[in-house]
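Residue numbers (the numbering used here), protein chains in the order written: chain B, 1 to 358; chain Y, 1 to 358; chain H, 1 to 358; chain W, 1 to 358; chain Z, 1 to 358.
Don't read these hints as lab results, they were simulated from the structure. A couple of the hints might just be wrong.
The list treats identical chains as one, so a pair stands whether inside a single copy or across any two.
To be verified - Straight line, CA to CA, 30 Å or less: simulated DSSO-like cross-link-like pairs of lysine-lysine:
#, residue 1, residue 2
1, Lys222, Lys211
2, Lys230, Lys293
3, Lys244, Lys170
4, Lys244, Lys102
5, Lys165, Lys60
Everything numeric in this text was worked out from a predicted model, so none of it was measured.
Next come the chains, spelled out residue by residue.
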Amino acid sequence: MDKLFARRSAKTGLAPGALVHIGEQKMKHVRLNLIEYGRETDFSEREISSPIECFPFKDKPTISWLNVDGVHQVQVIEEIGTNLGIHPLVMEDILNTGQRPKIEDFDEYVYIALKMLYWNQDHAEIESEQVSLILGDTYVLSFQEGDEAGKDVFDTVRVRIQGGKSRIVKRGADYLIYSLMDAIVDNYFVILEHMGEQIIDLEEELVTNPKVDTLQFIHNLKRELVFLRKYVWPLREVVSRLEKRETNLFEESTIIYLRDVYDHTIQVIDTIETFREMISGMLDIYLSSVSNKMNEVMKVLTIIATVFIPLTFIAGIYGMNFAYMPELQWRFGYFVVLFIMALIFFAMIVYFRRRRWL
Amino acid sequence: MDKLFARRSAKTGLAPGALVHIGEQKMKHVRLNLIEYGRETDFSEREISSPIECFPFKDKPTISWLNVDGVHQVQVIEEIGTNLGIHPLVMEDILNTGQRPKIEDFDEYVYIALKMLYWNQDHAEIESEQVSLILGDTYVLSFQEGDEAGKDVFDTVRVRIQGGKSRIVKRGADYLIYSLMDAIVDNYFVILEHMGEQIIDLEEELVTNPKVDTLQFIHNLKRELVFLRKYVWPLREVVSRLEKRETNLFEESTIIYLRDVYDHTIQVIDTIETFREMISGMLDIYLSSVSNKMNEVMKVLTIIATVFIPLTFIAGIYGMNFAYMPELQWRFGYFVVLFIMALIFFAMIVYFRRRRWL
Amino acid sequence: MDKLFARRSAKTGLAPGALVHIGEQKMKHVRLNLIEYGRETDFSEREISSPIECFPFKDKPTISWLNVDGVHQVQVIEEIGTNLGIHPLVMEDILNTGQRPKIEDFDEYVYIALKMLYWNQDHAEIESEQVSLILGDTYVLSFQEGDEAGKDVFDTVRVRIQGGKSRIVKRGADYLIYSLMDAIVDNYFVILEHMGEQIIDLEEELVTNPKVDTLQFIHNLKRELVFLRKYVWPLREVVSRLEKRETNLFEESTIIYLRDVYDHTIQVIDTIETFREMISGMLDIYLSSVSNKMNEVMKVLTIIATVFIPLTFIAGIYGMNFAYMPELQWRFGYFVVLFIMALIFFAMIVYFRRRRWL
Amino acid sequence: MDKLFARRSAKTGLAPGALVHIGEQKMKHVRLNLIEYGRETDFSEREISSPIECFPFKDKPTISWLNVDGVHQVQVIEEIGTNLGIHPLVMEDILNTGQRPKIEDFDEYVYIALKMLYWNQDHAEIESEQVSLILGDTYVLSFQEGDEAGKDVFDTVRVRIQGGKSRIVKRGADYLIYSLMDAIVDNYFVILEHMGEQIIDLEEELVTNPKVDTLQFIHNLKRELVFLRKYVWPLREVVSRLEKRETNLFEESTIIYLRDVYDHTIQVIDTIETFREMISGMLDIYLSSVSNKMNEVMKVLTIIATVFIPLTFIAGIYGMNFAYMPELQWRFGYFVVLFIMALIFFAMIVYFRRRRWL
Amino acid sequence: MDKLFARRSAKTGLAPGALVHIGEQKMKHVRLNLIEYGRETDFSEREISSPIECFPFKDKPTISWLNVDGVHQVQVIEEIGTNLGIHPLVMEDILNTGQRPKIEDFDEYVYIALKMLYWNQDHAEIESEQVSLILGDTYVLSFQEGDEAGKDVFDTVRVRIQGGKSRIVKRGADYLIYSLMDAIVDNYFVILEHMGEQIIDLEEELVTNPKVDTLQFIHNLKRELVFLRKYVWPLREVVSRLEKRETNLFEESTIIYLRDVYDHTIQVIDTIETFREMISGMLDIYLSSVSNKMNEVMKVLTIIATVFIPLTFIAGIYGMNFAYMPELQWRFGYFVVLFIMALIFFAMIVYFRRRRWL
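Bound conformation, chain B alone:
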């Protein structure tokens, strides 16, 4: 249900910009993680307990990255937003996890909403998590729904920054936000591989042993693709708008990298469309294999009935009790009838062979 749409109705009637969390609470406490680095500064990372701790970052020359795990505590988001001069509508969007991937440019900062996707192996379905990114001139904010485990797709970016030699450290906040987007899109390929494996399994099952469940399975896959498409299609426009320099927070040299993300997005979309075509082909094969089976069943019925019904009729005739039935008294009447029956039987068999039913 949640995948279909977020239950927004609770918000109906509230003023725009009214801050209400829409979605599921996935962890208990909000976790704030602040990373600071720079070309000439050392890397520092710390968990902070209150947003207030981190606001000096605005005036520092370093690049600051504040990652927020958990968006269900309205006051945390509000405090951060108010201090950094974020528009109320953006705060509202961060809190609403049913957001569509989008980008909004407010000159001083850019707001980007994305979907992080995970593959749930148990239910063979996609799980989505909303990620909000805000890019200022020297800072990046990232908001995740989070979970208790606390492991996420951004870990690889963190490791690269820690190392200190990565390109990220030598560049500005725009390159950091690109790295985060790249990490998210790269992760989509993992989802696609999981789905691809399922499709290949399905294809094999379809050829060797199609079952009634197969249809349900095909439809589940199709449905997951519908959701995947819903999450990825708008991303195309998001990256395209960034790449076309609609905002001035991105440096020229970072644009080339955005083009790379754009290419990946297109590739993901291409693969989704290919999957869709393959699945619809599988549906056709399934349905026609069902009707082929039906045909076979009907053939067996027809052959048996067509062969034996006339024979039974003949037996029926000589089972009649008429007082005067000359054949009954013939010496070889019985054997003649048996012989005729055998003749009919083989004639039928030959007929079916001719029609390729046997």
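With the hints as your guide, set chains Y, H, W and Z onto chain B.
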């Protein structure tokens, strides 16, 4: 029928701009409600009996909002329109409840036609009401078809104005009209949730116990989506044109809010498309579950007929009355035949097992 | 056939601009009707016998409207065209009733081709008539295929001009041509209502009593929609081009009215698309109701056959004439067998109930 | 096969501009026909044996039209092309009969590739021939695949030039090339009429007597439409680009005529689309008439089986040979049983009537 | 699987520009082949063992073409890229064989990714190989996945350069890269011919002897078309962007040749779409031939059952053992019954004839 199209034929042959009410009369008397407010003025709200009472508002510095419930009394609309210099074609559009969502810019005012939607739980269908909005520099006119109960989606906006602290009070007429549009679009999410629940119910029914009615139910949902789509798709263009500042009645700071309405509209459209895909998937499942059932029925018939027809034939043979049938005189002829029948029976069962029919 | 395409082949090989009538002759004699009016002139209307009579109108200050019923007499069209300096290709288009709705701007005049539609109640189909309009600075020419009855959709416009108080009289030729187009488009709504009623009838029939004819009926409706669409879709572009002021024969104030015609056209197209979706939904329902019926038939067959074939087999066994069949001599053998048969019968019934076949 | 695609593989690996004929050789010798005319010059037409004869035409004030029948002799094309300064790629295109309709502007001349279509009545299929046109300032070249008969669609143009009074003679080379294109497009309507007649025949057959062949026939028509579409769609763009004056070889006054060709092209496309919709509707009708027939067959089987199987069972019971079966001894036992059978029979009939199976 | 998508997941989490080979290793050692030529220089071709050997080419006036067979050795690509100042993302793209056809312009050089396609006759499927092309001002780099055999589509280009008289030798690097692209696109026609032959075989099989495998075969073809389309569609945009002179590395005179490649690409796409339509038509024919067969089977069953079940019933009646059954004692009872049975039999036959079942 009314949902399919308004019965316009009554108007055929009349001059353009001829004022005729097209649609259903939903309430007895037209109700006029005037709200006045401003940054430095107190809030006032009153029911007025004749449009004339309210015309001084044009020269006041306050923001005036005249809400008209009921568009079936032509002379009321005409009086308002004539006094405010509204183009006859706009008056015609207000009276014609079969309008398509649209926007028309007349420099001094903007005319916006929208659809307010309600969910009729009893018939599981969408009910629509036409809402016409006119934005002047200091005034807003809203025309609803209304109903006797008099409760509507604009109530929350009224409450926010009354409170006096809302952002609405601090801003101009453009923000008020945005708030009204926002209230209408927000309400669409309620419709979507109702439909979403129906879809989930349907899916469950489809898996556990598909019935002949299920098809009718699926088609009803599909049909409601067709109407919903028809109402919402044009809205996208309406908001997009407003957001692109084609009119100068909107301030820069309100444009950001319009972008928010635009996002919501896109989200509604996205969800409608997802629903459509799901419903068409459900139709496939239903149809193939019907043909699977057929297959099962055919299998049962085939198994029974295939097993017993040959056996009956054998019984028929020994029911013949030939004078000379040697087997009949054998001591254990009867038991040998019974045994052969049992053999055939089990051979058949094994055969069906092999073909996975049992 | 004529609806599918006009038999143009007769024209193959002729020079472009060669004047040949393509289409059906719908009336015997061409009828010419000239109306003259103006702000300060009295209204005059007269039937004229030869086009020559009317040519002084070019130099008069009044607005002249020449309506031609019947386009099968080449020399009439040619005479009018040559006198008014109409391009030969336009004359060719007027004569060819298989024209697509289109607009062509020749600076000094604009040529507009439209389709007038009538609903033929007897055959439940749309009949189309080609209407050509030419707008000069002070005159309007209209060419209809006409019919003997001589009643047409322009009558209402004539009445409004006669009245003398209509907006038409106060405005130029551009407003007159708008009025004619408006009359034609308004008439499309009548067609839509007729089709809508048929769709509603069909839906009811589909639920209560679907017949083999129903399919044919659905397809007829679908086909009429194909034609309707073919006639209306290009109109959208025609009006849109007029509205975008591609020609300078239209005054600013008339443009607003054209926007209204444009809206109506979009509404007609919208409704056509909705009808199409509904009809394709009806086709689905029809087809699956057919297969549901088949299912029921199969079930009845299966139940009867499955119940009685085994019973008949048992009866067959005891109908065998073996000399030694111990059961036959039992005192209650007959009743025991009857009882077993009854047992099998009820077991079957229970089984079918369980599978929900009964 | 040739219609599917030209066998280009022979060319793989050759340099671009390498002159190789791709396609079928349709006539033995290439035929060169040169027509010269002008406003003040007399018309002259002659067959020439070598292209060299005709090259003085470049410096003459007259309009020269060189028509080449047969494109399989590479050296002829090469000689013409080299002398007139035609780009090697254009020569390659002329030789390759699998070309797509296209236009290429080389400033000094324009190259246009088109498809001439013929209706082969015997196989009920379209035959296509590639036509290449080159427009210089005072000359026109046309290349056809030709056939032995030597009759073509351009004959009517030739006749009009000969007559000397045609508009062609009074105008430049651009009007001549327009006339040739017009002749080709006009001919498409003949194809459409042939197909339209086939569709009407099919529809009738579908209603009165659908056969297994009907499906094959429907698919053949569908396939021809696929090819027709492939040939005509790109033409739209070709004419549109000419009409938008992308080349300066066309005079203003000829543009209006090109608009006419454009309209015809759109009309052809429109009709193709209508045909497609009708054919897909016919496919639906065919398929559902097949399943309706199946239904009827099943009903007959079910009625017969359902009526007689229980009756046969009853007869079977009284055919058993139990020593003690009281009914058998009853005086009217036989008649009572016959009466019961009749009762059951009529009850069944009534039941089927109720279900509308009879 | 590999065709579905490259297994990128191994790369997830790596920094952008990290050089990792994605794809299958198709040959053992990377092979480097350097060709140098010029208008006034002699042609030279040599295999080199290390990229370092070839870097002087940058300063030479000749055109240098370095072809790399095998992209699985990261350090080779890196060495070449670093020396020529190629962007790390481009190197990444060269190594990733799951690339989508694309073009990227870096002012000093242009990167083009393409797909070389081969037809695998054994599996009746398309095999793809990624080709990366880099165009500098005086050099061209080409990267292929390569295979042990070392034969490729570029051989024809090499031969033309060797000959020394080809247009390639007289022109710049831009013409060389065009020649390579042309060779690749030309090769697509070979693929299309192979598929076309398969389609024609299929069509014949469908008419003469459709089998259960046929469906699988149709779907395989459909699937190959999906892949083919995926490879060719983006190429259209690639060539279109080149042709529109978005890069300044192409000379005016080469643009005309690019237009030719563009035309070929469109032709390939056109043919793919035609194939798709034909295959979907074949699917329809297959499915309806399956249901036609079913119909025939059902008819045979129905005819036999309908004829013999009533007859068997009559025989059953006279097999009853009632003590008093007057008919049994009649002299000709038996023959009368036989006659009645024959009557019924022929009546049935006539009935089936009438219904066209026989």
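Each hint, compared with the structure:
no.: 1; hint: Lys222 x Lys211; result: both (17 Å within a copy, 24 Å between copies)
no.: 2; hint: Lys230 x Lys293; result: neither (36 Å within a copy, 34 Å between copies)
no.: 3; hint: Lys244 x Lys170; result: within (23 Å within a copy, 36 Å between copies)
no.: 4; hint: Lys244 x Lys102; result: both (15 Å within a copy, 17 Å between copies)
no.: 5; hint: Lys165 x Lys60; result: within (21 Å within a copy, 37 Å between copies)
This entry does not satisfy hint 2, going by the numbered hints stated previously; all others are met.
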